[in-house]
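Student: Below, each chain spelled out in residue letters.
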Amino acid sequence: MALWGMVIDLDRCTGCQACVMACKAENNVPAVGNKEATKGRTISWMQLLTETDEEHHEEKVRFIPRPCLQCDDPPCTKVCPVYATYRNPEGIVAQIYGRCIGCRFCMAACPYNAKFFNWYTYQKEQPGQNPDVSLRPKGVVEKCTFCHHRLQKARERAHAENREIQPGEYNTACADACPAQAITFGDLADPGSEVSKLARSPRAFKLQEELGTKPKVIYLTEGEGGG
Amino acid sequence: MVDHKDDYEDILLAPIAQTGSGFYWAVAGLSVFILWGAIAYAVQLYEGLGVTGLQQPVSWGFYVTNFVFFIGISHAGTLISAILRLSRAEWRRPITRMAEVITAMVLFIGAGQILVDMGRPDRILNVIRHGRYQSPLLWDATSISAYLSASLTYLYLPMIPDIAILRDRLGKWKLFYSVLALGWTGTEQQQRVLNRAIAIMCVIVIPVAVSVHTVVSFVFSMTLQPMWHSTIFGPYFVVGAIFSGIAALIVAMIIFRKAYGLEPYLKPIHFRYLGQLLLIMSLLWFYFTFAEYLTGYYGAEPEEMKIFWSKFSGPFWPFFWAMVLCNLFIPLACLVRLGRRTVGKVLAASLSIIVGMWLERFIIVVPTLSNPRLPFPQAIYVPTWVELGEFAGSLALFALFYLLFTKVFPIISIWEIREGRAEGLHEVEERVKSYLPDEVKGAA
Amino acid sequence: MENLRSPSDQLIKKLQWIWMIGFLLLVLGIITWFIHLMRAALWLGDVPSAAIGIPLVAIPIFLALAGVVFYVFWGLAVRGRDR
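From first to last, the protein sequence lines are chains A, B and C. In terms of our numbering, the first sequence is residues 189 to 415. In terms of our numbering, the second sequence is residues 9 to 452. In terms of our numbering, the third sequence is residues 6 to 88.
Bound-form chain A, shown alone (with noise of 0.2 Å):
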């Protein structure tokens, strides 16, 4: 069985934003608009966030790109009380859009504020959106899937030429736009995949791991071991 994670190297990453606009595309995010985003409602699955060193502000000391992190424990998964959202087989989390109350649950308990909730309707169908992933609709939950859909997408293909799917058939939308190739995406599962010998680096880290989230987005320090 499949365990989909994914390997970010600080170094490389120069903070373009690439991944985010990438995402947003693939997986019709919607632009909330001026309006709402002065109120704080982006709606940004892929987020980059900017950690600046405590005693000196203006320089920006890191840029961390922040997809859901796709716990192995979600904090969230566990307050959901409809089972909207839950961990599948393959260690995604998954968002049932059809299910979710909107309770908003789960966007409280997620220690790295991976997911976002629809205050309005914010688009319809219009041309030029991706047509395997589905509209949500307001008052529902959303958050990174890890490009879910084109795993299905992969998987059916592979099905049909009867054969498994190949390293690198699945890839996520994010990982491919990267131009630094700072993101690398697989199977953690396979202790050949190049996500695999990535997450063995010294220079790994996992955002605030002590909580025991055991997240499988994986962090490379910037330098030989600094940062």
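A couple of the hints might just be wrong.
[Said to hold, decoys possible] In silico DSSO-like cross-links for lysine-lysine, where the CA-CA straight-line distance does not exceed 27 Å: (1) B:LYS314 x A:LYS402; (2) C:LYS18 x B:LYS180; (3) C:LYS19 x B:LYS314.
[Claimed, not checked] Using C-beta positions, here's what the derived DEER-type ranges look like: (4) B:LEU340 x C:LEU68: 42 to 52 Å; (5) B:ALA36 x A:TYR285: 35 to 45 Å; (6) A:ASP260 x B:ASP130: 27 to 37 Å; (7) C:TRP24 x B:LEU21: 20 to 30 Å; (8) A:PRO277 x B:ALA308: 53 to 63 Å; (9) B:PHE31 x A:LEU237: 57 to 67 Å; (10) A:CYS204 x B:PHE320: 38 to 48 Å; (11) A:LYS402 x C:TRP48: 22 to 32 Å; (12) A:GLN311 x B:PRO129: 19 to 29 Å; (13) B:PHE116 x C:TRP24: 15 to 25 Å; (14) B:LEU292 x A:GLU239: 38 to 48 Å.
Since the hints were derived computationally from the structure, they do not count as laboratory data. From the three backbone atoms N, C-alpha and C, an ideal C-beta is built for every residue, glycine too.
With chain A's structure known, arrange chains B and C on it following the hints.
Tutor: For chains B and C alone, coordinates are given in the frame of chain A:
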């Protein structure tokens, strides 16, 4: 049952027998706020939760605060009624019914807040069809439905003899009262059945009530968020609930005492005892608050300190310090000496505490969400007219429910007052005798 | 003294039974709901400890409630009336 008819008993039946213009003015006034709330909710239903001030990451604000606040007030009934009944405190007699009604009515309003807060209220049945018991929200649903059923039962059973009085003396709505009175005629056997049932209910209702606000606190303490993930939350919320519940009860008592002329029944001594209870709860609340914040401050964990300072001196400082003022200093000033002007002092303290406890819920819910762990900018939450309208409408709706109840059933338990006169004095004398050393037979 | 067989008395008795049965059905409905949730969670393998533990506490409370109410109903309206 010996019919020790009180000279003042007609006062208790008067609100049901006649309706003055005051009632209609009150209903009109409340309806204005309810209308505001209804319009606010309709707008929210049509447009979406975006009409509130909620945002990323402050996804819970007024509605969740109100939910905790109203459920907290519901603890008035249980403490006063059940514990005082179990401890056979005679001064509870005119108070129990008012307390029980608060609980029954406010639970509906509290549960309603969750409905208002949902993004998809049309999918509420999902909670029933697909509920998960790992989620504290389901614990809430279970606990609150148990408490609602138990408190409605606990309100109804002691009302039966009073309903029988209404059936026999009032003249109108005879069928309604006859059905509800369950054929009560006051025989020995019936009294035994009823007293036993009420005693059992007293014992059932207390742990259910404690569980309710404990599981409401678990909604916060079961997450990993700083200043939420604290073991003190269970007892802290229960203490806060009892605290705000007594305050709400006092306010209701004073309002209806004035409106219905209940001064013969609700005497300064009752307010004095309730005021003393309120003072104890204020100190107890402060003790828990102090322990909670000292622990956070001493450990100085960076995430917790971010939130601590945002409450102490940051954007939330007016609410935090107003809370301390309203929950500790004003009650202390009012309640330490209750000799003269008891009712006025107790009223001032209670109003202050109701405001203070709402602020306490707000201070728990919003600052933690405003200060996420990851490097986000601190969010400022400002409620909109929709949220304020919903709050005003909820309060008004609760007041209206309560008011309508008093027009249908007596707000003070007639038979319990009679029982107090008939049996209470004698029983208390016997009890006090049993505490003292027994008299030696044939002593000089 | 009203004749026990007078229509108004019969109506009252009928309504009281309806009122009581209604309450018992409500309690039964809630208990059914708890059992439904428990079975769904066990079928899905979703935290069986919570799924069993919580209904295990909640159902007896509701049964106790129904018991008390019915005891009062029986003692007052049924037995009490015959005397």
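Student: Indicate, hint by hint, whether the structure satisfies it.
Tutor: Hint check results:
1. For the hint linking LYS314 of chain B to LYS402 of chain A, the alpha-carbon distance of about 24 Å falls within 27 Å, and the restraint holds.
2. A hinted pair counts as satisfied when its Cα atoms are at most 27 Å apart, and LYS18 of chain C with LYS180 of chain B qualifies at roughly 19 Å.
3. Our distance criterion of 27 Å between C-alpha atoms is broken by LYS19 of chain C and LYS314 of chain B, whose separation comes to about 64 Å.
4. As the Cβ distance of LEU340 of chain B to LEU68 of chain C is approximately 45 Å, the hint placing it in 42 to 52 Å holds.
5. For ALA36 of chain B and TYR285 of chain A, the Cβ-Cβ distance of about 44 Å falls inside the hinted range of 35 to 45 Å, so the restraint holds.
6. Checking the proposed 27 to 37 Å range against ASP260 of chain A and ASP130 of chain B shows it holds: the Cβ atoms sit about 33 Å from each other.
7. At roughly 24 Å, the beta carbons of TRP24 of chain C and LEU21 of chain B sit within the given window of 20 to 30 Å.
8. The hinted range of 53 to 63 Å is not satisfied by PRO277 of chain A and ALA308 of chain B, whose Cβ atoms lie roughly 41 Å apart.
9. A hinted range of 57 to 67 Å holds for the C-beta pair PHE31 of chain B and LEU237 of chain A, which are about 58 Å apart.
10. Between CYS204 of chain A and PHE320 of chain B, the C-beta spacing of about 39 Å keeps the proposed range 38 to 48 Å intact.
11. As the Cβ distance of LYS402 of chain A to TRP48 of chain C is approximately 26 Å, the hint placing it in 22 to 32 Å holds.
12. The supplied range of 19 to 29 Å is met by GLN311 of chain A and PRO129 of chain B, whose beta-carbon atoms lie about 22 Å from each other.
13. The hint said 15 to 25 Å for the Cβ distance between PHE116 of chain B and TRP24 of chain C, and at roughly 20 Å that hint holds.
14. Here the CB-CB span from LEU292 of chain B to GLU239 of chain A is close to 42 Å, well matched to the stated 38 to 48 Å.
Consistency note: the structure conflicts with the earlier hints numbered 3, 8.
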